[in-house]
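The task is simple: from the sequences and hints, build the whole structure.
One-letter residues, chain by chain:
4 protein chains.
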Amino acid sequence: MPVIRERGPQALAVLHEKDTQQPLRSHSSFIICSVHSLTRMKKLVLDVDTGVDDAQAIMIALTAPKVEILGITCCHGNTPLDNVLKNTLRVLKVCNRLDIPVYKGFSKPLLASKQHASDYHGKDGLGEVPDPDAPGVELLQKEMAAQAMIKIAKANPGEVILVATGPLTNLAVAVQLDPSLPKKLKSLYIMGGNTESRGNTTMCGEFNFVADPEAAYIVLDRYTCPTYIAAWEFSCRSSLPWSFCDEWLSLKTEKAAFIRKISNLSMNKARSADYQKEIIAGKGFNPCDVFALAAAVDDGFITESEKVAVTVELDGKHTRGMMVLDYMEHLKKDHKAVIMKTVDLEKLKKMLFKAVK
Amino acid sequence: MPVIRERGPQALAVLHEKDTQQPLRSHSSFIICSVHSLTRMKKLVLDVDTGVDDAQAIMIALTAPKVEILGITCCHGNTPLDNVLKNTLRVLKVCNRLDIPVYKGFSKPLLASKQHASDYHGKDGLGEVPDPDAPGVELLQKEMAAQAMIKIAKANPGEVILVATGPLTNLAVAVQLDPSLPKKLKSLYIMGGNTESRGNTTMCGEFNFVADPEAAYIVLDRYTCPTYIAAWEFSCRSSLPWSFCDEWLSLKTEKAAFIRKISNLSMNKARSADYQKEIIAGKGFNPCDVFALAAAVDDGFITESEKVAVTVELDGKHTRGMMVLDYMEHLKKDHKAVIMKTVDLEKLKKMLFKAVK
Amino acid sequence: MPVIRERGPQALAVLHEKDTQQPLRSHSSFIICSVHSLTRMKKLVLDVDTGVDDAQAIMIALTAPKVEILGITCCHGNTPLDNVLKNTLRVLKVCNRLDIPVYKGFSKPLLASKQHASDYHGKDGLGEVPDPDAPGVELLQKEMAAQAMIKIAKANPGEVILVATGPLTNLAVAVQLDPSLPKKLKSLYIMGGNTESRGNTTMCGEFNFVADPEAAYIVLDRYTCPTYIAAWEFSCRSSLPWSFCDEWLSLKTEKAAFIRKISNLSMNKARSADYQKEIIAGKGFNPCDVFALAAAVDDGFITESEKVAVTVELDGKHTRGMMVLDYMEHLKKDHKAVIMKTVDLEKLKKMLFKAVK
Amino acid sequence: MPVIRERGPQALAVLHEKDTQQPLRSHSSFIICSVHSLTRMKKLVLDVDTGVDDAQAIMIALTAPKVEILGITCCHGNTPLDNVLKNTLRVLKVCNRLDIPVYKGFSKPLLASKQHASDYHGKDGLGEVPDPDAPGVELLQKEMAAQAMIKIAKANPGEVILVATGPLTNLAVAVQLDPSLPKKLKSLYIMGGNTESRGNTTMCGEFNFVADPEAAYIVLDRYTCPTYIAAWEFSCRSSLPWSFCDEWLSLKTEKAAFIRKISNLSMNKARSADYQKEIIAGKGFNPCDVFALAAAVDDGFITESEKVAVTVELDGKHTRGMMVLDYMEHLKKDHKAVIMKTVDLEKLKKMLFKAVK
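Just so you know, the sequences run in chain order A, B, C and D.
The first sequence begins at 1295 in my numbering and counts up one residue at a time.
The second sequence begins at 1295 in my numbering and counts up one residue at a time.
The third sequence begins at 1295 in my numbering and counts up one residue at a time.
The fourth sequence begins at 1295 in my numbering and counts up one residue at a time.
Think of the hints as simulated: they come from the structure by calculation, not from any bench.
Treat each hint with caution, since some may be false.
It does not matter which identical chain is meant; a pair holds if it fits inside one copy or across any two.
Once the Cα atoms are required to be at most 20 Å apart in a straight line, the calculated PhoX-like pairs of lysine-lysine come out as [as the list claims (entries may be wrong)]:
no., residue 1, residue 2
1, Lys1626, Lys1611
2, Lys1627, Lys1402
3, Lys1477, Lys1402
4, Lys1436, Lys1448
Predicted model only: the values in this text are computed from it and were never measured.
Written out as structure tokens, the structure reads:
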């Protein structure tokens, strides 16, 4: 844990970070408080459909400075829910952090047919390299994901940063159960949607949104907290070179070995000519979910963005599940999302390295 | 509570009623058991958007023989949720049954825009005749409607008859929270949908379904328990003569006075030429929600029905929210709903009279 | 052929009165004319997708009193256009009326995918009983169907009764080419659409409308002439008993033999349990297209009808192509179609007998 | 008019090669021909909805080397059809080319509601600077646009380059009337559609496609000739600097004065902050329709493009009329359109200057 560098004026600089909504109230007890209370810890709840890139995202979160993970909620998505639960526990075990509470979420979208991305992430969602000693689901919390989100947000008003890297079913039901949830959140980071009608699942639709279009619609409609979106096209344009990837995964650590193992299948897939065709601008390694997480843990990660009202097309033969950007302001929506345009890729590389050290 | 008349062979006749799924296991303790265990009590949960016809339905349920109301869950619909809560409590107060637990449900559809039927039911949803001594919302249960449904069904496996007379939002979220809920229910009775594309809200859509089409879709898709539907066209064809209505409401009881008072506005509306135009076959008093309730409390009420798979059109410029009957079996759905065709109107009249005595 | 009817402007003045529903029976100044020439000749253009029921309709038209067929335009539908052309010529040959001009229309719907009803009408659309001596397509007119409709209507302003018994592609393009066409027609009779969401092709859609929903939409939108619709549900309810059918087809005439031969396959199909299931009310022989034609040639055929604005649902997963009736007057359409409710079935039987004599 | 080019089968073989992108410059056996007749003349048919940018496009076509305009067909669009007809004639008059045949096309989309872009192009579609001496509509051809297209293509098989700069209604009906039309064309250039869901009329839809989505769908589906598309986003990215515009319009010629006059209103609009917001990449003068025309008259104009199958979304609350690019090859379409990516802007400037000299 960082001890010194947050002290003094630098620390204050950190405290006055962009998204701070509540100014620091009391300074008097400054000297005696622990480092933990000195600089504001980011309190994260991760909503995942673990998957290879979710695994990478979780590992970055676990190694990011001044970040506390209050819980991980699981959702159907890249792989069926049961796999997501197991995969999430496996990642935490490798990182020796099984103390983090993991919650079971929904196994089905609100009404769309279920679909998974098994061809990419493998049948088990984690590269088809089973762990005979994987932790058992008895480690899961009894409480359900949506209710846990509500409870955690209530217990940490204005502090919780929700990072959603799967279909948005859990978030959609949570806001239905507690319409005041968004107001209690600090912010929401989403990996999903598309900005230029370039789909990766349907012709115009990105996987997470297409996997539950109604949930995506509800979330973009009702989560009026500050919302940051890492869309598919952005992630394609922000790909890392394969050479970086080779270097990264050649680290001689247990964590690197784990990532290497689970990533093998999907990286081969991703490097294939067929898949690269789908990548719009720039070829390379697209860590996808990681972008949302990186933005959530480092306020300086996003270097360029735009604010625009967004929604999701629910009809449409080819466009169902497509995110729609309202540049023309036809929707008359007050709430605008922050659409990520460019990010600091050097920071990303450092995070990825730190994650496996 | 009924004491004697259910004893003897008649009682057995009752026990062998049509829908009994579990045969009576032990007869040895017959003599000593309480009346309650002697004949099967129907255990109802009512999901309402109280409204005038919901009020009538509740009052029938309260006076039906061998019927126990385990709870009333409230949903947005005829009037905003806050009114629904107040109206439900007002009805229970008039009937001196404030002991029945009332639960707060959702104030919004899953994603459709909210809409209410204020022009018909009045701004307060109950004929605009405020009660200064109406019971306060402090009487509401702390638990939310969807969770309460799940808990009650779990506590009474195979016994709960769910009667839904409003938009189906509560039921949709409940089955998302607990996919096994339908299996735990005895049956589901719905007032809603249409069978012949004759709408009462949009050109082809009935109010309860149009008010939350996604919820209706989810319920018809996932509630695989025996499901009975009183659709709009059926209710129109089963109208009662206004003369009956006059007689009914002229009873000199407190309850009749209450119904008379709250029904005045909507009955004038219903008797107007403009409204009668919308009624398809047969003019008269259409008690709507009451049909679903009457079928739930009396297994002999439905005299003709058909079983067919059903779903809800979610797209469609004119047909969004329309119930679709799959006579051609294109959907390949195993689960068929029972569509009510004709009912015993004499029984209905008796129930209505009994309700206000 | 009528000779007298062109006599004198006075006669024309009477005969040309718009929308005359009761034919002029007797007129003192017309003592010298034959009854046939006395009353106004009905001038028909038939737009067909010959099929078995189109064949029957054409044969009724050819034998109806005071009816002149100005042309037959052919459209894709029951069977591919080439078959429709051949089948139409075959019917005219059997009736010895190859003098009637036959026009080639569109082989494809405006934008829907092509579909045919081969399983019902047979691969050739006419019961799979080929005629080695069938007339050749060299007998077809050079002019295309849509343009021919426009020309004929222009040459006979206010007199042409258009009877459409197939998909409405020809009519849709014709009104695009000449928006004034509907004003020049006397009336339009359509077999197609549905009134109670009971489909015969999709769950909610009737074949002719589903085969080209955009064309149906355009026709119901732009043909503001008096429009009579024989919808699918009506035709089902107006079925004739199979016993009548047996008697009808046992007539010892060449024409009856022809009908018997071409109807064999579809009648066996129609009599099957599977097909009868789809028939809503009343089982039996449903001559479908014949209803529209019968209404066109005999103003007394329709015994009950209702006027209502109609349109076609173009979106909709299950309802695309479904006719929508605007009882609630949401569309604010001035033009109402006449929806056929009941017809004089005794008249129908007589027409069918006369057609094969 | 070219005389020699039909000489000898060899010459024809060379001249008729499909998709020749570099015009034949010199040929030894052609010493006696004039340069004009030496190289292949491009035979254009323009389908316009004259508007300001259509006017500019026509003027470029009239001054482009080796280009013959066989006809101009008019369509509803920027302004009602009657204005389009008048505006087209006005442009030809200014250029002293009233000899070019102008055809009246459709005044309405196939089934969408009519809409015009009056706020941009002015009420008369041409900047609201009426010409008291405008040529009369008696100069129009008697034949309709769709039929004229068919006739011209038939008379010039494999030679006609169709340039469509308005809604595609005329083209859609033409291919319905003659499905073989596309095979007879040399190529088709379209201004319309969008590639990145960035609309200019609806949130995701470009004006020409949204003005008749069904027509756009039909054209992209059935015109299997080489098809080049200048989409909205491309045109935005290819804007010219306002400084160029000022220089261009300051030329002291009658034609420049005409363009200046008719462009005044729309350029002020375009230069406004409000409008520039909609322009995606690069601010400036977007001559829109001109891009399609420039590509048609100069094979070297397009410097970068991509081939991809395309279609049009017809459903969709926000996406109706949006062009969909099938990078994932889900449509299994053989025919790919050429989507313009970058063009030679210096060439464009020269064309614009030449057009007004």
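Right, here's what the structure says about each hint:
For a Cα distance limit of 20 Å, the shortest separation of Lys1626 from Lys1611 across copies, 15 Å, qualifies, whereas the shortest one inside one copy, 25 Å, does not. In the homo-oligomer, the alpha carbons of Lys1627 and Lys1402 lie at most 20 Å apart only across protomers (18 Å), although the nearest pairing inside one protomer, at 29 Å, exceeds that limit. In this homomeric assembly, Lys1477 and Lys1402 come within 20 Å of each other (Cα to Cα) only across copies, at 17 Å, whereas the closest approach inside a single copy is 26 Å. In the homo-oligomer, the alpha carbons of Lys1436 and Lys1448 lie at most 20 Å apart both inside one protomer (18 Å) and across protomers (17 Å), since each shortest distance falls under that limit.
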